[in-house]
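Chain residues, written in single-letter form:
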Amino acid sequence: MQPSDDVLRDIHRRMVRIRIFEQEAGKLMEAGKIPGALHLYVGEEAVAAGVMVHLSDADQITSTHRGHGHLIAKGGEFHKMFAEIFGRVDGYCKGKGGSMHISDMQIGMLGANGIVGAGPPIAVGAAFTNKFKKSGNVAVSFFGDGASNEGSVHEAANMAALYKLPIVFICENNGYGEYTPQAHHQAIVDVADRARGYGMPGVVVDGMDAVAVYEAAGEAIKRARAGEGPTLLECKTYRFFDHVGVRGMGLSYRSDDELAKWQQRDPITLFEATLIEQNIVSAEEAKVVHDKVEAEVQAGIEFAEASPMPDPAALLDDVYK
Amino acid sequence: MQPSDDVLRDIHRRMVRIRIFEQEAGKLMEAGKIPGALHLYVGEEAVAAGVMVHLSDADQITSTHRGHGHLIAKGGEFHKMFAEIFGRVDGYCKGKGGSMHISDMQIGMLGANGIVGAGPPIAVGAAFTNKFKKSGNVAVSFFGDGASNEGSVHEAANMAALYKLPIVFICENNGYGEYTPQAHHQAIVDVADRARGYGMPGVVVDGMDAVAVYEAAGEAIKRARAGEGPTLLECKTYRFFDHVGVRGMGLSYRSDDELAKWQQRDPITLFEATLIEQNIVSAEEAKVVHDKVEAEVQAGIEFAEASPMPDPAALLDDVYK
Amino acid sequence: MAESKTQPEARELTYVAAINEAVRAVLTEQPDAFVAGEDVAGAGSVFGYYKGLLEEFGAERVIDTPISEEGIVGLGVGAAATGLRPIIDIMFMDFMGECMDEITNQMAKMRYMFGGTAYLPITVLTMSGAGISMAAQHSQSLEAWLCHLPGLKVVMPATPYDAKGLIISASRDDNPVFVVLNKMSLGMKGEVPEDSYTVPIGEASIVRPGENFTIVTYSRMVHESVKAAEALSSLGVETEVVDLRSLQPLDTNVVIESVKRTHRAMVVHEAVRFGGMGGEIAAQIQELAFDYLDAPVARVGAPFSPVPFSPQLEQSYIPNADKIVAEARTLLDV
Amino acid sequence: MAESKTQPEARELTYVAAINEAVRAVLTEQPDAFVAGEDVAGAGSVFGYYKGLLEEFGAERVIDTPISEEGIVGLGVGAAATGLRPIIDIMFMDFMGECMDEITNQMAKMRYMFGGTAYLPITVLTMSGAGISMAAQHSQSLEAWLCHLPGLKVVMPATPYDAKGLIISASRDDNPVFVVLNKMSLGMKGEVPEDSYTVPIGEASIVRPGENFTIVTYSRMVHESVKAAEALSSLGVETEVVDLRSLQPLDTNVVIESVKRTHRAMVVHEAVRFGGMGGEIAAQIQELAFDYLDAPVARVGAPFSPVPFSPQLEQSYIPNADKIVAEARTLLDV
Ligand SMILES: Cc1ncc(C[n+]2csc(CCOP(=O)(O)OP(=O)(O)O)c2C)c(N)n1
Ligand SMILES: Cc1ncc(C[n+]2csc(CCOP(=O)(O)OP(=O)(O)O)c2C)c(N)n1
Ligand SMILES: [Mg+2]
Ligand SMILES: [Mg+2]
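Chains as they are written, first to last, in my numbering: chain A, 1 to 321; chain B, 322 to 642; chain C, 643 to 976; chain D, 977 to 1310.
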């Protein structure tokens, strides 16, 4: 599944959107402007972008605590995102959810989730709806290497394969669950090895290579839409920031060397270089993309800062319908 | 790991003990003498016997709702078992547990369990103790094909492999979870296929063949004791009675043909024939084994019937230590 | 939700048949409704709720699942969030521990966390109660866990009529509703109209009027309380028995009005007394009717132990009419 | 268990340092104790409880686990049943839904179901409470679930002193004990003796004496209640503040004695008011001290919604001194 030039440009744009949003969010957090916890997606952009470019607004995704990248790649709007993570009333969740629960039901983004491993069973439900309604839509569930050890992921994978649901499981293996390296949380190297135990294909792909992700995700999504059942696609990636925020708790659980090594494979730098080399975008055009996104991010921040805090009178709204 | 003649006779005796106990229990249940639910092990005897003959009283097992066979094979005593399933004060659990919670901590039988899938995490804990204390003991966890879809089993398997614990997971695949055939609860044929996804060996064995079970379990237990980590051993077996009791709910979820086909592979008939053929026991000796067990079962029943019901004053005993 | 109380006809059904009829009605009325759970299709549930529904509605709408409670509830949450109206079966309430995260952190909170942009029309059917020697892991009444979770509704029908009407109400509700059934009641008979009717969620009913004493109860304990009321009547105490039917929302009005008339009250449930809903209800009664109370609000519930297996022990464990009467006599000094 | 109250020395520690010191003391005293949980070893817990313990006691006794709450608790249950004394860490109490079966059906019941032949010396450390915009899934106070389960003990320390003493008591206890900590309190300072001392499980403490009014509370709300008591003092109400410290077992005596003296009471907790422990406690107070009460037992708790993210909303959600005072003024008419 070779991506067209337009698709490549689209992927690029989505990656840049994630990167700049997250960098700014990180700064704002360090400046004390964002309450609560913020799990940033910087370094992993190729995964969200390479997958989401295959999806329409009617396809659903479930996300993780590290959800901004998924929402942005799915088409989320900066101003509502900033407003939400600032806790403002114009945010996606009227300020009630924050970063860990950011969501946009309109475009099938069924929520970031503060519970590790909670997404896959919900995605199974969305895929069930797709099959029930014969809508042709697909559900995609993102989860981490750490999450792969939750029983919920096991149950969801088994059910998806059993019912041949239109769903793709994307394991974003960034080598760590919080501060615990993969080798300390599982005795395997490839989470995709678990696929066979459910009766679905397991595929490993370089999560720093947007085209590789695009192609593998495309296959999996095609299979799902064709009624051939789920795929477990593992993307090997890395987060450039700490588990929470930018610098996290200042623990030395991973080496500077390791980080540097992965940063040399920055998915955006790599991808942009290829695009320019292949004359798909010029260096100038790439810069325009960055600048535009930058401006949009700033506009989003301004919007969010101008948005009021929710009225305490709204405290008990939306508990029930 | 060739079994000695003594071991073969031991396995035989254990199987017969299970069979006769369970048949009598089934009759007593149908006669209305046993309260609550009774999940009988008839047909699956080769699994418990072939595994347990490798274990000492200091090795631990966790069991399932279908736990009598495990307890008997581990060395459980009929009189305390009958007393328990009758709800009498001289039962293993003073009448407070019944069939689903029958247990003997003295011989490392950490309980039948009414919660499907609850055993494996507990067995991981026992194995952890063995490793922590460097005792050389091993923990064995029995669970069904149906249970294999519980998240708890996944979490336990992953942890066991990660810590290289001295534990063996025995999947008793009898083709059904209650009334649901395997093909309706998972898209795979061999539960052992899941082993690779944890980084442990997965082995499939004919669960109607006591020697095959003995050999495969022996390997796995040796590995565990040697500090080489867990194994997932799947035993293909069949229950000759219904899910609950003898005739169950009278559902037609499996065919008479299927049952008959499996009954032709009755693990005791098969094994006894081999033993006799190989002159390891004579037909006479085999009959003596049956007769002795029969007598012991009857004595157990008499003991249990004479045992008083627990005093209501004991209701609140043993909630706390 | 429209309330549609119909005239009861002279047709009797068992509790389990009423459940069956309710689910059939829901599947008939609501094309987006489906049933999923362990052994709900081929076996029609181990309690028989769904007998015949697989045949009638097909395998796309009556679905056997693996033994994966967290996955099952997750399936319900995801399906509800994307436009279906799931009926999720959790065989025994005791198994909620396996899916309490999906219940607590997803089902109950999704709407609120998402600022009202989602809604979850899920009905969960599950089974509570002791009495048939199913021992500690198959006999619990854990409704208190659910009632403490904003975002959920909880109903506990005592009769076939209410079972049917509440299940239909639950499945027409756009919020998650737990319908907690009772295993000792499965064979109990009562009048059940044939048509599709609703019993409104959040409305208690006075099943026996009385002037001297109020018993507030729900589920099977309604019948034990009525029995107790008869016994108390012969001692000169006329007991009003309030069947809450819904625990969340709780019909505080009916309870308080009754207590204001009778001046003495007792809450009865099968759940463990300590930390059970009786505490909440008793606390509310004394908050809202303090000046009307001539005696403390009493509570009858199970003692502080797991449910024992042995039948006699189990009987000495479960609240019943005798225990209610004994407690009431102490309270009322009769 | 031996009680060993020592003279407090003039040494101040934070709540988190007290926890750390307690666990260190336990690992030192008990060769069969170990700590297991997510990020407890390498990271020393995301809250910092176990900093330095991996280095001190080694990777065999301070163990990072996969993200597998059910597996982790199961490990604790199995290890305890076979002779070890596990300290199990459940990072946030909100995650209990993932392991509620192991807690409810195994940990709490194994001893009883097995007729007393097993015992489970497990200590579970977990974190409750809102206040730092961690939103609906990382801010809950779900102690009511645990207190309703026979077989468990539950303590909720309000101070560094009690945190250390209760953790040491918990780990010497031969039953499963949940030590529910509070995230807003981590940095709070207080006197903590250096030696290994215990605070007895099941004993409340009167942290502020008073004659006109009793507030029964626990965990961080103790401090808000004391603040409220100061404010009420200026209105002429002298409030006795009872810090329960243990919720299971509950020190009913101290509470009832206090109410018998003051004649008016309020229960305060951070958990959702509806279905929270306040109901149980209020119900018990009116049961046992009815004739002494001059007013209904009031309750302050969180309103009936999930915990909102936005800081101001969250502040309007969490109970505090002002809300306690306001509620008390209505109750006491001052
Ligand atoms: C059920 C549950 N357990 C634990 C946590 C705490 N926690 C938050 S993120 C995280 C690590 C997740 O690791 P992974 O799935 O690999 O995702 P990553 O953060 O690497 O993207 C943990 C343990 C949680 N939020 N939910
Ligand atoms: C957590 C939980 N879910 C469901 C059940 C109900 N149940 C009891 S036995 C059983 C089937 C178990 O199947 P399997 O594991 O294959 O064991 P088998 O009965 O075949 O030996 C089910 C669903 C239960 N006891 N616990
Ligand atoms: Mg990770
Ligand atoms: Mg089976």
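Because the hints were derived from the structure by calculation, they are not lab data. Glycine is no exception: its CB is placed at the ideal position from the N, C-alpha and C atoms. Don't take each hint at face value.
Unchecked claim - Per label pair, the in silico range of CB-to-CB distance:
1. Lys-1203/D to Thr-670/C: 53 to 63 Å
2. Gly-700/C to Glu-549/B: 30 to 40 Å
3. Glu-1005/D to Ser-325/B: 40 to 50 Å
4. Gly-700/C to Ala-620/B: 16 to 26 Å
5. Gly-548/B to Pro-181/A: 54 to 64 Å
6. Arg-568/B to Glu-833/C: 44 to 54 Å
What the hints assert, rightly or not - In silico DSS-like links for lysine-lysine, alpha-carbon gap of 27 Å or less:
7. Lys-1027/D to Lys-452/B
8. Lys-131/A to Lys-902/C
9. Lys-902/C to Lys-133/A
10. Lys-164/A to Lys-693/C
11. Lys-1236/D to Lys-902/C
12. Lys-543/B to Lys-582/B
Hints and how they fare:
1. Lys-1203/D to Thr-670/C: 53 to 63 Å: 59 Å, holds
2. Gly-700/C to Glu-549/B: 30 to 40 Å: The hinted range 30 to 40 Å is violated for Gly-700/C and Glu-549/B, with Cβ atoms some 50 Å apart.
3. Glu-1005/D to Ser-325/B: 40 to 50 Å: 47 Å, holds
4. Gly-700/C to Ala-620/B: 16 to 26 Å: 54 Å, violated
5. Gly-548/B to Pro-181/A: 54 to 64 Å: 22 Å Cβ-Cβ, so the 54 to 64 Å window is violated.
6. Arg-568/B to Glu-833/C: 44 to 54 Å: Since Arg-568/B and Glu-833/C have Cβ atoms about 34 Å apart, the given range 44 to 54 Å is violated.
7. Lys-1027/D to Lys-452/B: Roughly 25 Å between the alpha carbons, so the hint for Lys-1027/D and Lys-452/B holds.
8. Lys-131/A to Lys-902/C: 55 Å, violated
9. Lys-902/C to Lys-133/A: 53 Å, violated
10. Lys-164/A to Lys-693/C: Status holds; Cα separation ~26 Å.
11. Lys-1236/D to Lys-902/C: Judged against 27 Å, a Cα distance of about 25 Å means the pair holds.
12. Lys-543/B to Lys-582/B: Not OK: Lys-543/B and Lys-582/B at ~34 Å, beyond 27 Å, violated.
Of the hints listed earlier, those the structure fails to meet are numbers 2, 4, 5, 6, 8, 9, 12, in rising order.
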